[in-house]
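Between the sequences and the hints, there should be enough to build the whole structure, so can you do that?
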Amino acid sequence: MSTTGGNVIEISGLRKEFAVGRGRRRRTVRALDDVSLSVADGSCLAVVGESGSGKTTLARVLVGLERADAGDVVLAGRPVAQRPRRAERRSRARDIQMVFQDPNGSLNRRRTVEAAIREVLAAHHRVTGADARRRVDELLDQVGLRPAHARALPGELSGGQQQRVAIARALAAEPRVLVLDEAVAALDVSVQAQVLNLLAEIRRARRLTYLFITHDLSVVRQVSEEVVVMRQGRIVERGSTSEVLDHPRHPYTVLLRDSAPRPGWRPRLSNGSDLAEVET
Amino acid sequence: MNVLELDDVRLDLPSKRGDRALLRGVSLSLAPGEALGLVGESGSGKSMTLRTVLRTEPPGARVTGRVLLDGADVRGLDAAALRRVRANDVTMISQNPRAALNPVLRVSQFLVEGLCDARGESRDAATRRARDLLARVGIADVDRCMGSYPHQLSGGMLQRVVIAAAVASSPRLLLADEPTTALDVTTQSEVMAILDGQRREHGMAMLFVTHDLELASAVCDRIAVLYAGEIVEIATPAQLHAAPRHPYTRLLLDSRPSITARASELPVIPGRPIAAYEVEGGCAFAARCPWAAPRCERDEPALVHHAGRATRCLRSDELADELAGETPGETSGETSGETTGEPVRDRETEATT
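Residue numbers (the working numbering), protein chains in the order written: chain A, 1 to 280; chain B, 1 to 353.
Note that these hints are calculated values from the structure, not bench results. Cβ atoms here follow ideal geometry from the backbone N, Cα and C, with glycine treated the same way. One thing to keep in mind: the hints can contain errors.
Stated by the list, open to error - Using C-beta positions, here's what the derived DEER-type ranges look like:
#, chain 1, residue 1, chain 2, residue 2, range
1, A, 88, B, 62, 58 to 64 Å
2, B, 14, A, 52, 27 to 33 Å
3, B, 15, A, 110, 18 to 24 Å
4, B, 154, A, 254, 19 to 25 Å
5, B, 14, A, 110, 25 to 31 Å
6, A, 70, B, 16, 53 to 59 Å
7, B, 62, A, 155, 21 to 27 Å
To be verified - If we take Cβ atoms under 10 Å as the criterion, some of the chain B residues that face chain A in the derived model are:
#, residue
8, 154
9, 155
10, 195
11, 255
12, 258
As structure tokens, then:
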């Protein structure tokens with residue numbers, strides 16, 4: 001690992017287009033338009049944007065669920081092949097894991113929590129039997145669940161507990177990078193605070209690097225050191241979290257910040273000139 | 001007279017494991033033109049409370065208590081009378097605008113049909129009115145919108161169409177169930193501004209269900225905080241923020257990360273929100289409350305009204321100063337002191353049982 005102290009993620013010139021619509025309405029949408037960024041080892045980069053900004057596509061390209069049309073991804077010092085072989089995909093999975101908004105999407109509702117975690121342990125680290133049993137208990141403890149939860153099916157757990165299981169499962173691969181795609185967006189306020197604290201604690205304890213995708217600027221403030229703001233496939237602003245949130249430069253960042261409800265806030269119509277400026 | 005009055009509304013839903021309580025006696029009132037926010041976490045009963053008003057609760061649900069619209073109990077209306085109420089007096093906006101629109105009808109057909117059927121207007125008059133309504137909810141290209149099918153419009157645009165349809169009959173009461181939760185934040189701000197403006201313009205009262213205390217604070221005159229199927233506190237947004245009287249309200253305010261300042265650790269409410277049917281006597285919040293005393297687990301607190309506010313807490317008087325503490329940091333010091341290190345571990349209710 002030659003990247004200690006350097007960047008764990010280096011992305012440059014990433015481009016991705018999707019074709020949408022049919023017949024006369026067919027057109028291409030640029031989901032990623034020349035996106036470049038880097039994430040320092042052990043830090044947390046927040047990616048902020050609304051629907052259609054390309055933030056989820058960025059994450060999917062990064063973990064290899066989607067192939068970019070152009071651009072390079074370097075993960076932990078190794079260039080990521082655009083058409084990886086099976087072994088390469090597997091080694092990438094040990095470097096980077098992803099947690100989604102809806103834990104049910106990554107948990108099989110007919111398999112117990114223990115089976116879900118064991119699957120990852122066996123696939124990536126050939127840990128089985130009593131060793132696996134012990135690892136499962138350790139992982140559950142790290143995410144604030146009890147050993148008894150190992151026998152539960154996802155349906156028997158609350159939303160917050162399910163998300164903890166999804167996090168434990170991602171940690172089972174012992175990745176260096178965790179990509180969190182709106183991972184706390186669906187949680188109740190009181191449970192969201194617990195999971196945010198948990199994620200911060202895990203990052204410190206395991207020296208993990210986070211790419212934290214969210215639409216919520218309060219969450220950005222709480223979890224990240226650096227932030228990029230995306231709009232229509234492009235990065236429109238980047239910088240340290242406090243700098244960008246306290247002194248946003250791009251009108252879209254200003255609009256995002258002004259749209260977030262907080263004490264004393266009033267909803268307002270963005271007037272025409274505001275929008276026109278942002279559209280360009 | 002109040003537009004809406006709920007008097008000890010209880011709702012039980014039969015399930016395989018016997019009846020489950022979802023509402024444990026909700027009482028509230030709404031004056032003409034007033035906006036009341038119903039705020040709570042999942043399972044608190046906020047949506048269910050709203051649904052008892054138009055009798056759209058799940059099939060099989062047993063509702064007791066009284067729901068008075070302009071003094072008349074909606075629970076006792078026959079089908080025709082209920083239809084009249086839904087057409088003229090009360091409208092509802094839900095989280096998903098796509099569910100409110102017919103996917104094979106153009107927006108023009110949807111709006112005009114509604115106006116002709118419910119209001120008996122002529123097609124020409126209805127079309128003119130529909131165009132006017134769309135313009136008023138901030139739709140710039142009315143022609144394009146009128147000619148579009150729902151799938152061709154964005155969520156924010158569709159929610160505006162739904163708002164236009166909802167205010168068309170100038171109802172006395174608007175029921176809004178998380179109308180902006182599925183929208184982007186910038187769109188949320190616009191849609192809320194439009195909803196707020198239309199509400200004031202038509203002088204409608206509004207019952208606004210949301211999980212977002214700040215959003216409710218921005219558009220409501222009063223806020224009712226729900227927990228486990230009952231109201232734990234009612235106050236104005238200013239009162240709630242300056243001096244919450246119920247521990248749950250205080251912790252709810254504190255546990256939301258702030259956009260302006262970072263907390264070294266967020267104050268947490270241990271455990272998870274419980275549902276009404278999980279309450280076993282005593283105060284429903286006692287198991288998660290850092291201020292709970294032995295009697296809190298034994299005695300059930302009543303909703304006590306005092307000087308325009310209402311609180312359901314046995315200790316609210318003794319805790320008043322502590323709960324009103326200005327900085328969340330102070331509170332967090334006390335509440336998270338016992339939770340640091342072991343944030344939730346031993347407290348989360350065993351879900352497998």
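Hints, verified against the model:
no.	hint	in the structure
1	A/88 / B/62: 58 to 64 Å	holds, 59 Å
2	B/14 / A/52: 27 to 33 Å	violated, 43 Å
3	B/15 / A/110: 18 to 24 Å	holds, 22 Å
4	B/154 / A/254: 19 to 25 Å	holds, 22 Å
5	B/14 / A/110: 25 to 31 Å	holds, 27 Å
6	A/70 / B/16: 53 to 59 Å	holds, 55 Å
7	B/62 / A/155: 21 to 27 Å	holds, 26 Å
8	154	holds, 9 Å
9	155	holds, 8 Å
10	195	holds, 8 Å
11	255	holds, 4 Å
12	258	holds, 6 Å
Violated hint for the displayed structure: number 2, the only one.
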